[in-house]
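Just so you know, the sequences run in chain order A and B.
The numbering used here puts the first residue of the first sequence at 1, with every later residue one more than the last.
The numbering used here puts the first residue of the second sequence at 1, with every later residue one more than the last.
These are calculated hints, taken from the structure and not from any lab test.
Owing to the predicted nature of the structure, the values given are computational and were not obtained by experimental measurement.
Heads up, some of the hints might be wrong.
[Said to hold, decoys possible] According to the in silico footprint, chain A covers these stretches of chain B (three or more CB under 8 Å from chain A):
{"hint": "1", "stretch": "70-77"}
{"hint": "2", "stretch": "81-88"}
{"hint": "3", "stretch": "108-120"}
{"hint": "4", "stretch": "132-140"}
{"hint": "5", "stretch": "259-266"}
{"hint": "6", "stretch": "274-281"}
Glycine included, each C-beta is placed from N, C-alpha and C at the ideal position.
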Amino acid sequence: MVNSLQRKAFTRKDAVWLVFLAILALLPLLPVVTANSFRMHVMILILLFASMAQAWNIIGGYCGQVSFGHSVFFGIGAYGAGMAVVTYGGLPWPGILIGMIVAAIVAVIISYPCFKLSGHYFAIATFAIVEIFNRAFLVWDWIGGALGLDYPLADEGLKNLMWHNSKVGYYYCALVIFVLIFGIVRWLESNRFGYYMRAVREGQETAESLGVNSTAVKLTAMALSAAMAAICGAFFVQYNLRVDPPMVMSLDMSMKFVLVTILGGSGTLVGPLLGAAVLIPMQEYTRALWGGLGGGVDLIVFGLLIILMVIKQPAGMIGIVRDVRSWFFKKRDAAKGDVPYDTP
Amino acid sequence: METFIQVLIDGMLSGMVYALVAAGLCLIWGVMDVINFAHGEYLMVAMYVSYWLGFLANVDPLMSTVAAGAFVFVLGVLTYKLIIRFTIGKPGLVALLATFGLAMFLKNVCMNLFSPNFRILSGTFLSDKTFHLGGLIFPVPQLTAAIMAVIVVGLVYALVSGTRFGWAVQATAMDRDAAELMGINTERIYVLVFGIGGACVGIAGGIMPSYLAVHPEVGSMFGLIAFICVAMGGFGSIPGAFLAGILVGVVESLAGFYIAPVFKYIAVFGLYLAVVFLRPKGILGW
Chain A
1 MVNSLQRKAF TRKDAVWLVF LAILALLPLL PVVTANSFRM HVMILILLFA SMAQAWNIIG
61 GYCGQVSFGH SVFFGIGAYG AGMAVVTYGG LPWPGILIGM IVAAIVAVII SYPCFKLSGH
121 YFAIATFAIV EIFNRAFLVW DWIGGALGLD YPLADEGLKN LMWHNSKVGY YYCALVIFVL
181 IFGIVRWLES NRFGYYMRAV REGQETAESL GVNSTAVKLT AMALSAAMAA ICGAFFVQYN
241 LRVDPPMVMS LDMSMKFVLV TILGGSGTLV GPLLGAAVLI PMQEYTRALW GGLGGGVDLI
301 VFGLLIILMV IKQPAGMIGI VRDVRSWFFK KRDAAKGDVP YDTP
Chain B
1 METFIQVLID GMLSGMVYAL VAAGLCLIWG VMDVINFAHG EYLMVAMYVS YWLGFLANVD
61 PLMSTVAAGA FVFVLGVLTY KLIIRFTIGK PGLVALLATF GLAMFLKNVC MNLFSPNFRI
121 LSGTFLSDKT FHLGGLIFPV PQLTAAIMAV IVVGLVYALV SGTRFGWAVQ ATAMDRDAAE
181 LMGINTERIY VLVFGIGGAC VGIAGGIMPS YLAVHPEVGS MFGLIAFICV AMGGFGSIPG
241 AFLAGILVGV VESLAGFYIA PVFKYIAVFG LYLAVVFLRP KGILGW
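Between the sequences and the hints, there should be enough to build the whole structure, so can you do that?
The following block contains the structure:
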């Protein structure tokens, strides 16, 4: 009985999901259509930044703890892969795994005291942590110091996780990471833990009064988010074949995690993808168009666009999508006499 | 021992300038709960104003600091009118990201116009002068900057705590709607507070080119240190920011001298973490 009630009509939510899944199904076919190296590069970055933003979204969006420290975890992941290949001359795979574990452990260690801080104090503490890690990595000789790590040439292929002739291999690799992280977050969303996270975001005291161990929830979310950021970092270093501290562990990198998510719509599953799909082409095409003029014209335009987008639609791209959707469906609903569209 | 005192004095001198930069940020933050991420870039703009006045018109930084203060006052008012106004009442992150975009914009405009070269004013009235007291050396440009910083912070504090305008500011900070009901034009307060916050950092930046090189990235570190000072001092407390600024300057110079120059920022940011872990609302916060 319950089953037949639940399996009622084809709802709008299902429609949105179908579109999302259709896009996801079409993505692997993209290299067949175009193998243009610049377009591939833009697509890879979109997928990478969407994954990074989704990793941040776990702690920042669903759990409500705005961390500016994610470039630390990203950097640890990058150095994990980089050290495995450059310093120890091995394959990147064990390095990626170690990087994830170390990132999760570091995340728990630094977050535990930081979670006692509230609001701006927490945000600035995470800034401070990025700066500390950045400086410490610059002078730490074991990991290559300020010179960074340069990859040696190796055979291309999945084994070494590097490709030289085309970017298609990287593209599929990024797609796998993207699907993995989005899948995990999708699973979390409907899971008991996902509800715990949202409860902590909406009101920590209330959640605690109902028996949610908020510290454990926040720490777990942070560790999960850090491990995923580390995977993205490892991919980033495999893609660039070089790593140094300012490249991965900087405030600018941390801001990208936050910007992409917020511009897309934090606390939603598709938000990070929307944010990356808008922000990254904007960044790459302004660079391609005006970067050659010298003197940061591309970044001037980019800065203005960020201001405009943030002011005009603080809820992010998802807000625009919702506006359009509710405008569209409101008309239809009025005609049908249906219940009004409820915005989550 | 003498070296130690000398290092301490150097730290205090730079700390007072940090305090002035932080006081501007503190005012904005305390009144409208906005993190102005472009604060360091305001400093950089002020330094360029002062540098170009000195380079082209031969105005001494001592004079052009007033012009730089006025320039950044206008910049602050414009920032409020064009950007911040739309972010009031929205989540705190919105203003932060919008001002991050502004910081990116300002930094790259200066990069585009003036190239990334380091520029320093030489042959100004203050430059290269030193003042000896016992065995201690006081570099005159830094000393002047520090004295001016103390005076300006004092004036701003007096303005906020002792005048009718200041009471209006405090009332607005506590409860905007209630202040509005009492007949305070809160929009005007916001504009002026943003302008005054900008003017503070403008004055600090105006005097700096006589001892510090100007380049488009110079503001970033000052901006970060100002965040640290404000949060360490306690949310919206100007005396707290002042105290924290001096503490940061002293720790920075002690760590730079006794450990290694690279460690000075590690020490500063570590100090911030240590302070907020012990007192989660800052030194003078409540």
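Taking the hints in turn, this is what the structure says about them:
1. Interface restraint, the stretch 70-77 of chain B with chain A: violated (0 residues with C-beta to C-beta distance below 8 Å; minimum three).
2. Using a Cβ-Cβ cut-off of 8 Å, 3 residues of the stretch 81-88 of chain B lie near chain A, which meets the minimum of three, so the contact claim holds.
3. With 6 residues bearing a CB less than 8 Å from a CB of chain A, the stretch 108-120 of chain B meets the requirement of three and the coverage assertion stands.
4. With a cut-off of 8 Å between beta carbons, the stretch 132-140 of chain B has 0 residues touching chain A; three or more are needed, and the interface restraint is violated.
5. Closer than 8 Å: that is the beta-carbon criterion, and the stretch 259-266 of chain B has 5 residues meeting it against chain A, so the requirement of 3 holds.
6. With a threshold of 8 Å between beta carbons, the proposed coverage of the stretch 274-281 of chain B by chain A holds, since 4 of its residues qualify and at least three are required.
Of the numbered hints stated above, those contradicted by the structure are hints 1 and 4, listed in ascending order.
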